[in-house]
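Novice: Sequence:
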Amino acid sequence: MIHVGAIAGVVALGWSWRGLAWALGLYAVRLFFVTAAYHRYFSHRAYKTSRWFQFVLALGATATAQKGVLWWAAHHRRHHRASDTADDLHSPYHGGFWWSHMGWILARDFEGTDHAAIKDFARYPELRWLDRYWVVPPIATAIVTYLIGGWFGLTWAFAVSQVLCWHGTFTINSLSHLWGGRRYQSGDDSRNNPILAIVTLGEGWHNNHHHYQVAARQGFFWWEYDVTYYVLRLLAVLGLVRDLHGVPEHIRSGSRKAGTFAGGDPANAGRSAVTADAP
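So the sequence shown is residues 72 to 350, counted in the numbering used here.
Treat the hints with caution; some may be incorrect.
Stated by the list, open to error - The calculated EDC-like cross-link candidates involving lysine to aspartate or glutamate, where the alpha carbons are at most 20 Å apart (straight line), are:
hint, residue 1, residue 2
1, Lys-119, Asp-260
2, Lys-119, Glu-182
3, Lys-190, Asp-260
4, Lys-138, Glu-182
5, Lys-138, Asp-191
6, Lys-119, Asp-180
7, Lys-138, Asp-180
8, Lys-119, Glu-197
The hints are simulated quantities; they were obtained by calculation from the structure and are not laboratory data. These numbers were taken from a predicted model, which means no experiment stands behind them.
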């Protein structure tokens with residue numbers, strides 16, 4: 072419906088460069104919560120934070136309408152345990168491009184949250200509440216954009232921005248396992264793609280990530296731009312996050328045994344991401 076609303080709104084209101092600027096600006100903000108919160112924090116524990124800021128991260132991520140943080144992280148950990156195998160939730164090699172891109176998240180097969188897979192965060196009642204009522208933040212975002220900007224705001228700042236955010240996120244599940252270079256033998260078909268790294272604020276260095284999942288940065292070298300990591304560094308300076316997990320030199324140089332994951336055995340690829348103490 073939001074896809075239809077975005078197209079209908081742009082057709083009805085006409086093209087607007089100002090509207091596009093709003094859409095792209097809020098796309099960047101919203102995608103940051105996907106990459107920094109859903110992915111690097113809740114899925115991989117790549118850094119630490121306080122309980123109150125943990126909730127801020129969860130709220131911002133949930134506002135991107137990709138279901139609750141517990142749901143998202145639990146399913147993502149499952150992806151890493153079986154990346155590009157028949158048990159992978161969204162491998163383009165087993166379900167096809169469109170399934171990996173967005174079909175899987177729309178399917179009823181994966182609606183429930185496996186709390187056992189995310190028990191490190193499932194013990195927080197506020198996160199369980201937000202996971203259950205995940206539609207509240209996106210609806211609130213839509214209402215706020217309408218109150219501030221009317222139909223123009225609802226169309227560009229919410230609907231168009233939301234569609235861009237969805238597809239920006241989904242390219243990592245689909246294109247980053249199909250298109251790009253492979254620096255490391257990670258045991259799957261994850262790829263490094265500099266174009267996707269721009270689009271996704273650094274997530275395009277996907278082969279790096281599958282090689283060493285717990286790192287707060289996915290651009291392992293200085294020339295591999297990673298906007299999410301730059302913002303996390305700023306938040307660390309401000310005291311909002313701490314203990315950003317770095318990339319050891321032996322990991323960056325590729326000395327890790329070929330075909331293994333950050334957690335050791337590919338079947339336990341997400342283990343290193345969940346051992347840190349909760350805030």
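Novice: Straight-line Cα separation of Lys-119 and Glu-197 no greater than 20 Å?
Specialist: Holds, at about 18 Å.
Novice: Take a quick look at whether Lys-119 and Glu-182 sit within 20 Å of each other, Cα to Cα.
Specialist: 28 Å, violated
Novice: Check the hint pairing Lys-190 with Asp-260 against an upper bound of 20 Å on the C-alpha distance.
Specialist: It is violated: about 29 Å lies between the C-alpha atoms, which goes past 20 Å.
Novice: Going straight from one Cα to the other, do Lys-119 and Asp-180 come out at no more than 20 Å?
Specialist: Cα-Cα ~32 Å, so violated.
Novice: Is it true that the CA of Lys-138 sits at most 20 Å from the CA of Asp-191?
Specialist: 18 Å, holds
Novice: Within a Cα-Cα threshold of 20 Å, do Lys-119 and Asp-260 meet the stated pairing?
Specialist: 29 Å, violated
Novice: Lys-138 and Asp-180: Cα distance at most 20 Å?
Specialist: Holds, at about 14 Å.
Novice: With the threshold set at 20 Å, check whether the alpha-carbon distance from Lys-138 to Glu-182 stays at or below it.
Specialist: Holds - the C-alpha atoms of Glu-182 and Lys-138 are around 9 Å apart, at most 20 Å.
In this structure, the earlier hints numbered 1, 2, 3 and 6 are contradicted, and the remaining ones agree with it.
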